[in-house]
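Peer 1: In case you want the letters, here they are:
2 protein chains.
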Amino acid sequence: MIKIALDMDDVLAATHDKLIDYVLNHLDTDVAEADFHQDSFENLLSVKEMKQVHSVLNTPGFFRTIPLIDGAQEAVYELSKHYEIYIASAAMEFRESFKDKFDWLDEHFPFIPWTNRIFCGDKSILYTDYLIDDSVRNIATFKANGILFTAPSNLRENRFVRADNWEEVKKMLL
Amino acid sequence: MIKIALDMDDVLAATHDKLIDYVLNHLDTDVAEADFHQDSFENLLSVKEMKQVHSVLNTPGFFRTIPLIDGAQEAVYELSKHYEIYIASAAMEFRESFKDKFDWLDEHFPFIPWTNRIFCGDKSILYTDYLIDDSVRNIATFKANGILFTAPSNLRENRFVRADNWEEVKKMLL
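Protein chains in written order, with the numbering used here: chain B, 1 to 174; chain C, 1 to 174.
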């Protein structure tokens with residue numbers, strides 16, 4: 001069976017949107033909300049502000065209550081009838097995220113068993129046929145078929161196959 | 001650089017030995033201690049006893065204080081000068097183990113960064129050149145060069161390249 005690995009943050013979980021809410025409500029920034037939907041935090045925030053963002057990412061509970069990306073749940077369920085689905089998150093960057101991410105998957109993707117969940121760092125060690133990820137670096141180092149999932153951080157990237165949303169993924173793979 | 005993935009339990013960490021101590025001290029079993037060094041718990045314990053073993057594996061703290069396997073720390077440090085080392089544990093089976101395993105790695109293998117740590121289930125999705133693991137299933141489904149690390153559960157297996165200890169691994173790879 002063909003294997004597909006799916007990233008979590010900004011592919012299944014609307015992590016960037018939750019962080020925008022945090023930044024607008026807790027940081028004293030002049031950046032307009034619309035700009036955060038067009039570029040990465042790294043490009044828009046100061047080093048000090050990025051430290052605050054990293055700090056909230058390391059807060060227990062942060063990853064437990066992230067909203068779903070539109071259409072992700074239903075699309076992954078449909079894909080799971082035809083493909084072996086793995087969920088691969090670079091969770092190792094955030095020690096406090098492990099249980100929250102695991103429990104979030106239990107809540108929203110209970111049909112993906114523990115055998116098919118991966119917390120890693122560098123995703124170049126993944127041996128699946130597809131990887132759907134919003135990180136340009138992950139898609140660039142992946143050995144098989146990468147699909148770049150559109151996110152504010154990758155809008156100007158044009159080297160890879162791209163899906164703007166889960167409807168487009170379904171059209172490609174179902 | 002050639003990539004080597006290393007299992008944690010019974011390759012880096014003496015998990016089976018710690019479980020033997022637990023079984024002998026807490027379960028009412030007639031199995032002799034020597035037998036636990038020659039066969040798997042699955043083959044020696046009852047279903048009810050195995051449930052107790054699984055319960056202790058899911059206790060917060062269990063994986064945090066496991067002793068090192070003889071020679072593992074020094075051998076992995078030597079290997080890390082010549083190979084890109086990843087540590088890949090099937091931690092997903094035990095939700096309470098994540099932080100303990102991460103902190104254990106910070107203590108004993110601080111030279112392996114978070115980018116090179118993997119918590120997974122099915123290891124057939126690993127894309128490295130070598131996998132050193134005591135699980136026959138993991139070695140059997142691995143696509144590249146598997147090295148079966150000797151443990152009580154695999155003594156009767158003879159299909160794979162085997163290393164009895166870290167001295168043998170060093171002789172093979174250094």
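Don't read these hints as lab results, they were simulated from the structure. Be a bit skeptical, because a hint or two may be false.
Because identical chains cannot be distinguished in the list, a pair is counted as satisfied if it fits within a single copy or across any two copies.
What the hints assert, rightly or not - Each computed EDC-like pair below joins lysine to aspartate or glutamate, with the alpha-carbon atoms no more than 16 Å apart:
(1) Lys-81 to Glu-93
(2) Lys-171 to Asp-106
(3) Lys-143 to Asp-129
(4) Lys-143 to Asp-122
(5) Lys-3 to Asp-122
(6) Lys-51 to Asp-164
This one's a predicted model, so the numbers in the text were calculated from it and none came from an experiment.
Peer 1: Under a CA distance limit of 16 Å, which applies to Lys-171 and Asp-106: within one copy, between copies, both, or neither?
Peer 2: neither (26 Å within a copy, 43 Å between copies)
Peer 1: Is it within, between, both, or neither for Lys-143 and Asp-122, if the alpha carbons may be no more than 16 Å apart?
Peer 2: within (13 Å within a copy, 19 Å between copies)
Peer 1: For the identical chains here, do Lys-143 and Asp-129 meet the 16 Å Cα criterion within one copy, between copies, both, or neither?
Peer 2: both (9 Å within a copy, 14 Å between copies)
Peer 1: How would you label the pair Lys-81, Glu-93 (within, between, both, or neither) given a Cα cut-off of 16 Å?
Peer 2: neither (31 Å within a copy, 23 Å between copies)
Peer 1: Please sort Lys-51 with Asp-164 into within, between, both or neither, judging by C-alpha distance up to 16 Å.
Peer 2: neither (29 Å within a copy, 46 Å between copies)
Peer 1: Reference check for the pair Lys-3 and Asp-122, CA-CA at most 16 Å: within, between, both, or neither?
Peer 2: This pair counts as between: shortest inter-copy Cα distance 12 Å, intra-copy 18 Å.
Hints 1, 2 and 6 from the list above are not met by this structure, while the remaining hints are.
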